[in-house]
Amino acid sequence: MATEPEDIQNLVNQRYKHGFVTDIATESLPPGLDEDVIRAISARKDEPEFMLEWRLRAYRQWLDMQEPTWAHVDYEPIDYNAISYFAAPKSDEDRPKSLDEVDPKLLETYDKLGIPLHERARLAGVAVDAVFDSVSVATTFKDKLSEAGVIFCSFSEAVKDHPELVRKYLGSVVPQRDNFFAALNSAVFSDGSFVYIPKGVRCPMELSTYFRINAENTGQFERTLIVADEGSYVSYLEGCTAPMRDENQLHAAVVELVALEGAEIKYSTVQNWYPGDEDGNGGIYNFVTKRGDCRGRDSKISWTQVETGSAITWKYPSCILRGENSVGEFYSVAVANNRQQADTGTKMIHIGKNTRSTIVSKGISAGRAQNAYRGLVKILPQASGARNHTQCDSLLIGKTCGAHTFPYMEVKHPSAKVEHEATTSKISADQLFYCRQRGISEEDAVNMIVNGFCKEVFRELPMEFAVEAQNLLNVSLEGAVG
Amino acid sequence: MTRGLKDNTMLNIDNLHVRTGEADILKGLSLEIGAGEVHAIMGPNGSGKSTLAQAIAGHEDYDITAGRIEFDGKDIAELDPEERAREGIFLGFQYPVEIPGVNNAYLLKAALNAKRKHDGQEEIDAFEFLKLAKEKMALLGMDPQFLNRGVNEGFSGGEKKRNEILQMAVLEPRLAILDETDSGLDIDALKAVAEGVNALRSEDRAIVLVTHYQRLLDYITPDFVHVLSNGRIVHSGDKTLATELEQRGYDWVAQAAAG
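Sequences listed follow chains A and B, in order. Throughout the first sequence, residue numbering follows the numbering used here, covering 1 to 482 in sequence. Throughout the second sequence, residue numbering follows the numbering used here, covering 1 to 259 in sequence.
Some hints could be false.
[As the list claims (entries may be wrong)] Calculated pairs, DSSO-like style, for lysine-lysine (alpha carbon to alpha carbon, straight line, at most 30 Å):
{"id": "1", "chain 1": "A", "residue 1": "Lys412", "chain 2": "A", "residue 2": "Lys455"}
{"id": "2", "chain 1": "B", "residue 1": "Lys27", "chain 2": "B", "residue 2": "Lys6"}
{"id": "3", "chain 1": "A", "residue 1": "Lys45", "chain 2": "A", "residue 2": "Lys168"}
{"id": "4", "chain 1": "A", "residue 1": "Lys353", "chain 2": "A", "residue 2": "Lys426"}
{"id": "5", "chain 1": "A", "residue 1": "Lys353", "chain 2": "A", "residue 2": "Lys399"}
{"id": "6", "chain 1": "B", "residue 1": "Lys27", "chain 2": "A", "residue 2": "Lys455"}
{"id": "7", "chain 1": "A", "residue 1": "Lys455", "chain 2": "B", "residue 2": "Lys131"}
{"id": "8", "chain 1": "A", "residue 1": "Lys455", "chain 2": "B", "residue 2": "Lys191"}
{"id": "9", "chain 1": "B", "residue 1": "Lys191", "chain 2": "B", "residue 2": "Lys131"}
Derived by calculation from the structure, the hints in this document are not laboratory data. These numbers come from a predicted model, not from an experiment.
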């Protein structure tokens, strides 16, 4: 990470020269949504015609769709005309100049999570030139990636620089009218990430939104597209353990993954959006559509998620197992504390022969939270030899929370093997006393038991991420017992 | 009531009354235990043996309504269970609980480090810990694979009890209370557990064996044997008392005490 001061200066200047942040129009659009708003978004982003047409088509479809109500969550109706669909990024003048100006409580949390000092400034939104360290790291990574032929850029850049790839794959996994929130996202998406791994390339490093310059202000309607060409491999990390606050209450992201023949995509998420206060006020609504398409034979898509934030989570990362012998995996830890509500799970759609899927879901509920697992395993008539194993465990802390399991299975081929195991357990007084009798404090005992419960999922996370995720869980459940 | 304490007194229980739920279980129990001693507490089911063990360890379901428990001359009634543990009080559980997913080694290392921290020592690192744990396991004739399993997860009765002894061996408590450690063990497991306990006998450590049967005492010779009946110690003696109890049952002691 050692960089000569001169280089740093150059990098910082370069950043301004390329205008990664500053050449975006600075005015926000007034609240409300109609075709003119969409035209304005597209114009401000200087998008090619095809992109605008695509957005408009999505918008027209969204207009006659209904907001879904089947999830096990409860919230006030959202007024879609009260939202501003294009927010100007904060200028450096509005940002804190140094960590001294940042809320001490936030810094305390960074400390608990063990976030390195040089990252804290960036996370807290300190003005760019104060955080050049991460910029230089990011640039080094970019060079290494382009050597390997990997494209990793913001979605806006991809629309301009790689329109043929965007046209080919955008909406090919999550169609515009897939669901209400996906349609809305398709019409107004702000920005996000684009990744393309060429044939036979093993991406030389884990890709993280952290290293994507211009990651700030992707806004509430994020759009991510990852394409792994034949025989390639990529591991992608999304999110961050640091608590993310946002003025936008509604977040409706769409993530599409495409794995061609023999390709593998590993997608790991740590989500820690602001969950609201103890009564649930002010938290983020996180309504996300994530889907991967195992398009080629012998391809593999693996979702790993640790969900601790948001007031309401509505999220079902799914795999379409189209290619023969393709593999889908879903490993999830979902924590709900206080007034949080989570309805999350996965869908495994088996289309190809001998396709296999594994689902491991760990739900932890505390306080007065409600935590639901909702999963669909669908074996189509042509999917001979398909196999699924689902394990769905719930852990309850205290007496006022709830855990719910909604497994759906549709099996249309007689050779399919589908297994479902479910358990619900409580952290028992006996377990806590046992640990305390060995000298371990009650809080440490709870953390130990929770981490033990989640071990199978944490094992799937990249090493450093796993350590952070463990700390995050401990922080999320602080005060849950006692 | 005042009693003259011995020079080596570690645990002094004076006129202890303990209630759990609606029931008064201990009704004026007094007992003095010195460093280097092994005491056996025997008695029929329901006499209050396990209650005594839980009360010393500080289980919240057991209320001390009168009397005192002193450890090293200090009343421990106000100490949390973890504080008592760090002071050197160890309870070997009658029914060790399973904690799925939590690695045996992890729990043990956390426990050891909590104690070391309390004693002002540096935390032990993973490498040193493993070395220590393996030494102790060799002493107890245990398979090192044990460390990698979940705490008591899927253990047989004998394995659970042996695991308790391993924890004791690693934590090196000054006062070890073993609650019905012999129950549910076959003869080989019983011998192994007894060997483990005997290996830990030392001048500065006291061991309390809570047991229903004399069987365990064939392998661990106690210095003192006490009979608990209806919430009190009604008779105390040396190791020969255990044999007598085995032959004559408990009734005569209780009757003698009542009469």
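Against the structure, the hints come out as follows:
1. Distance check on the hinted pair: A/Lys412 and A/Lys455 sit about 33 Å apart at the alpha-carbon level, beyond 30 Å; violated.
2. With a C-alpha separation of about 24 Å, the suggested pair B/Lys27 and B/Lys6 falls inside the 30 Å cut-off, and the hint holds.
3. With a C-alpha separation of about 20 Å, the suggested pair A/Lys45 and A/Lys168 falls inside the 30 Å cut-off, and the hint holds.
4. Pair hint A/Lys353 plus A/Lys426 does not hold up; C-alpha atoms about 40 Å apart against a cutoff of 30 Å.
5. In summary, the hint linking A/Lys353 to A/Lys399 is not supported, as the alpha carbons are separated by about 45 Å, beyond the 30 Å threshold.
6. Restraint check: the Cα-Cα separation between B/Lys27 and A/Lys455 comes to about 46 Å, which exceeds 30 Å; the hinted pair is violated.
7. Distance hint between A/Lys455 and B/Lys131 is fulfilled; the C-alpha atoms sit about 24 Å from each other, no more than 30 Å.
8. Using a Cα cut-off of 30 Å, the hinted pair A/Lys455 and B/Lys191 is violated, with the two alpha carbons roughly 36 Å apart.
9. Taking the CA atoms of B/Lys191 and B/Lys131, the gap is about 25 Å. The hint holds against a cut of 30 Å.
Hints 1, 4, 5, 6 and 8 from the earlier list are contradicted by this structure; the remaining hints agree with it.
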